[in-house]
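Student: Got chain A; can you put chain B on it based on the hints?
Below, each chain spelled out in residue letters.
Number of protein chains: 2
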Amino acid sequence: MSLVIVGTVAFDAIETPFGKADRVVGGAATFAGLAASFLCDEVKLISVVGEDFGHNIDLFEDRNIDTTGIEVISGGKSFFWSGRYHSDMNSRDTLVTDLNVLADFDPKIPESYQDCSYLLLGNLTPQVQITALERLRNKPKLVVLDTMNFWMNVALEDLMRVLEKVDVLTINDAEARQLSGEYSLVKAAEKILAMGPSYLIIKKGEHGALLFGEGQIFSAPALPLADVFDPTGAGDAFAGGFIGYLARVKTVNFANMKNAIIYGSALASFCVEKFGTERLENLTQAEIVDRIQQFIALAKFEISEF
Amino acid sequence: MSLVIVGTVAFDAIETPFGKADRVVGGAATFAGLAASFLCDEVKLISVVGEDFGHNIDLFEDRNIDTTGIEVISGGKSFFWSGRYHSDMNSRDTLVTDLNVLADFDPKIPESYQDCSYLLLGNLTPQVQITALERLRNKPKLVVLDTMNFWMNVALEDLMRVLEKVDVLTINDAEARQLSGEYSLVKAAEKILAMGPSYLIIKKGEHGALLFGEGQIFSAPALPLADVFDPTGAGDAFAGGFIGYLARVKTVNFANMKNAIIYGSALASFCVEKFGTERLENLTQAEIVDRIQQFIALAKFEISEF
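Protein chains in written order, with UniProt numbering: chain A, 1 to 306; chain B, 1 to 306.
If we strip away everything but chain A, and leave its shape as in the complex, we get (with noise of 0.2 Å):
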């Protein structure tokens, strides 16, 4: 059952109120495919960078991540991102976005990549994100895919096109409001799933995630922490923790989706804990476990008489 993340691989310059990182590897495909591979063994990036990236790839290999996808241009510079978090850190802004490579990314999928069961879409332009999909000759078991309010402004019919060739979409509550135009997060699932997908999630940072679909709702708790060092990758782990948990179960139903969503939040709140990657690049199963079982107590309660 393997496992493809088609996303961003690039470096990031980052400030927060806790201190600043230059040039530390970020990207979607990089979080996710961290995440992701605590729980999936068969983990394969698509993606591209420059040649300034040299050793930096062994991150992946470190994780046993296939590489395979990820081309490298040469003498090409990586996608460049800088940001500077406000001190409630729900907020950002961007201080540089240089494409660099990324503005010709044309998705290729290598012929060890066509056994794809499950695909994530990390959050991209949306014309790429339909071009890795039509490359694929069969359809992958679920397709996830993640995405951002930047290309609802400026691709929202591309970005339409994709929603129809989906299982799941996950996107923050902000996101859901500006493309059904409901305030009311209800009201925003059902247009939604209109669309295209079978299955919503919305991401409230600290207020957790609603998952929609099969007619029902599931309230995911976000872990209350005292410090949240560095918020950039943390739905892509999310994204990447969530098809992670999805890959190795093997089984695409609501109940598994619910615990999906609980294994994305943990991997989520640990990548908030250090800068960059490198909480998930120092992550042990045994953390992620007792992680796992911090959700289940803070969540849980028993009525048993009415």
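No lab work stands behind these hints, which were simulated from the structure alone.
Just so you know, nobody snuck in bad clues.
Note that the list lumps identical chains together, so a pair holds whenever it fits in one copy or between two copies.
Distance condition first, Cα-Cα at most 27 Å in a straight line; then the derived DSSO-like pairs of lysine-lysine:
#  : residue 1 : residue 2
1  : K300      : K204
2  : K204      : K191
3  : K274      : K187
4  : K191      : K274
5  : K204      : K187
6  : K165      : K258
7  : K191      : K300
8  : K250      : K300
9  : K258      : K300
10 : K300      : K141
11 : K187      : K20
12 : K250      : K165
13 : K258      : K204
14 : K141      : K108
15 : K139      : K258
16 : K250      : K139
Tutor: Then chain B, alone, in the frame of chain A:
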């Protein structure tokens, strides 16, 4: 196990995007008392109204709520509040606050209330909350305090004095941040618990609520609603449902507090479905059971293997 609720009983005029309600019965003790009356059969109110309140008192008697402690001031006018909600329903403007008889509210405890085991100090001047508490001859088994940012701004010293004397504090997330000076709710809770209460409930509106105490955290979901008709009184209904449940089960511990939050959330979710007290007046036990089961389904997940 009698439950005494101290708070306002008022007339409200409300405007929401869904319509207007002129001069309907409102007030913290009203919503809290109605909510509690579905869980506890000995609910007793302490408040003050003007002669203009008239036969509206029947609202309580119909729910078997003891009104001995509601003082009626001859020739006086009841507290009047008017507000307009913005389209997101999360923020509102206060248009009119006529304190009227509330300005001189001196809470008197009828002799028949002195057996009070559970006390809810509804949102009110901290000085009145202290007076009510001091006039009870025996310390109740559990004292729950509800308050708001307004009292933090104008009567912080008095509020800190009440905080020392209560077991549970309920406030919203912005208020927890204001009271503690901490952005992280984990750090905020730590500071607030050091101010006196053993338990802190942080209400997050459509994002549910967090309970802190006994070194544990519980995250309760909110029911995602298609329509919020009128948010007035939701916080009071929550507090009333919360303490009403604890008065019913008669044992105060973390497990019961968690269930109490679910009951409080359920009562609040009904409250917002119609203007003013209308929905709480016409609620049935069967509807409450059904709603609690919705909360259980909403939050439940089972991870058996790691």
